[in-house]
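Undergrad: With these hints in hand, go ahead and build the complete structure from the sequences.
What follows is the residue order along each chain.
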Amino acid sequence: DQQVKQNSPSLSVQEGRISILNCDYTNSMFDYFLWYKKYPAEGPTFLISISSIKDKNEDGRFTVFLNKSAKHLSLHIVPSQPGDSAVYFCAASTGFQKLVFGTGTRLLVSP
Amino acid sequence: EAGVAQSPRYKIIEKRQSVAFWCNPISGHATLYWYQQILGQGPKLLIQFQNNGVVDDSQLPKDRFSAERLKGVDSTLKIQPAKLEDSAVYLCASRDPRVETQYFGPGTRLLVL
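If you read the sequences in order, they're chains A and B.
Counting from 1, position 54 in the first sequence corresponds to residue 54 in the numbering used here; the numbering is continuous, with no gaps.
Counting from 1, position 103 in the second sequence corresponds to residue 1103 in the numbering used here; the numbering is continuous, with no gaps.
It should be emphasised that the hints constitute simulated quantities derived from the structure, not laboratory data.
No experiment lies behind these values; they were computed from the predicted model shown.
Just so it is clear, CB atoms sit at the ideal spot from N, CA and C, and this is done for glycine as well.
Please note that a few of the clues may not be correct.
To be verified - Per label pair, the in silico range of CB-to-CB distance: (1) Asn1051(B) x Ser12(A): 43 to 51 angstroms; (2) His76(A) x Leu1039(B): 24 to 32 angstroms; (3) Asn1051(B) x Met29(A): 45 to 53 angstroms; (4) Gly60(A) x Arg1098(B): 23 to 31 angstroms; (5) Leu1113(B) x Gly60(A): 27 to 35 angstroms; (6) Arg106(A) x Arg1098(B): 30 to 38 angstroms.
Said to hold, decoys possible - Derived, one-sided and incomplete: chain B residues facing chain A with beta-carbon distance under 8 angstroms: (7) Leu1091; (8) Glu1100; (9) Gln1102.
Said to hold, decoys possible - In silico negatives: residues of chain B with every beta carbon more than 10 angstroms from chain A: (10) Ala1002; (11) Ile1013; (12) Gly1028; (13) His1029; (14) Gln1041; (15) Glu1085; (16) Asp1086; (17) Leu1113.
TA: Following this line, the structure appears as structure tokens:
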């Protein structure tokens, strides 16, 4: 039973455009959501997070949106840069416990 | 601030052999996690420690996997005997108990032949 789903295995965008990565979840008990970026041969790097009491959180070029009624969150990267090319994982947790990860979306930003 | 350290970075063994991985968390992080990431999947929790006590090991295959964190700092994860399906990246993460964000090490890539 996959509680966190990233239905797009890959996404290609041009440099300077917006990248939108999507994530859906099924467990309504999740109260904290995170996005991690992963380069080859490295561990996941924390990018941005959002608590379930908010619907938006921004950090520079990165914005995460949370729609609790739809059990959906998205990560917006504006503008996209070639260095953003990586695999992006969505993760969720309940009450400071384990993270449940999606399967990842590979983002390719071309110059 | 130093990040999570893991060693070795790569390991190749034959099935039925044993292997051990080491993790040193971020200083002051009382909570430590071991995750297994199989190719094409997201990381999956194996075990969670709070200081040197186990909080969650429900998904740890206890017949072959073991982990310890004796002094509440470093941790080791052992597989004995290894199976082909254990080929994966083993990630260690740590967290300050006051916040939710987990920080990951670079991982150990294990190949079982």
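Undergrad: Take the hints in turn and mark each one as holding or not.
TA: Outcome of the hint check:
1. Asn1051(B) x Ser12(A): 43 to 51 angstroms: Holds, at about 45 angstroms.
2. His76(A) x Leu1039(B): 24 to 32 angstroms: 28 angstroms, holds
3. Asn1051(B) x Met29(A): 45 to 53 angstroms: Violated, since asparagine 1051(B) and methionine 29(A) (Cβ atoms, about 25 angstroms apart) do not stay within the stated range.
4. Gly60(A) x Arg1098(B): 23 to 31 angstroms: 24 angstroms Cβ-Cβ, so the 23 to 31 angstroms window holds.
5. Leu1113(B) x Gly60(A): 27 to 35 angstroms: Violated - the Cβ-Cβ distance for leucine 1113(B) and glycine 60(A), about 44 angstroms, lies outside 27 to 35 angstroms.
6. Arg106(A) x Arg1098(B): 30 to 38 angstroms: 33 angstroms, holds
7. Leu1091: Holds - the Cβ of leucine 1091(B) comes within 8 angstroms of chain A, reaching about 6 angstroms at its closest.
8. Glu1100: 5 angstroms, holds
9. Gln1102: 6 angstroms, holds
10. Ala1002: 14 angstroms, holds
11. Ile1013: For isoleucine 1013(B), whose nearest Cβ neighbour in chain A is about 19 angstroms away, the distance exceeds 10 angstroms, so it holds.
12. Gly1028: 16 angstroms, holds
13. His1029: 13 angstroms, holds
14. Gln1041: Violated, because the least Cβ-Cβ distance between glutamine 1041(B) and chain A comes to about 6 angstroms, which does not exceed 10 angstroms.
15. Glu1085: 18 angstroms, holds
16. Asp1086: The claim holds: aspartate 1086(B) sits with its nearest Cβ about 19 angstroms from chain A, beyond 10 angstroms.
17. Leu1113: 20 angstroms, holds
Checked against the numbered hints given earlier, the structure breaks hints 3, 5, 14 and satisfies all the rest.
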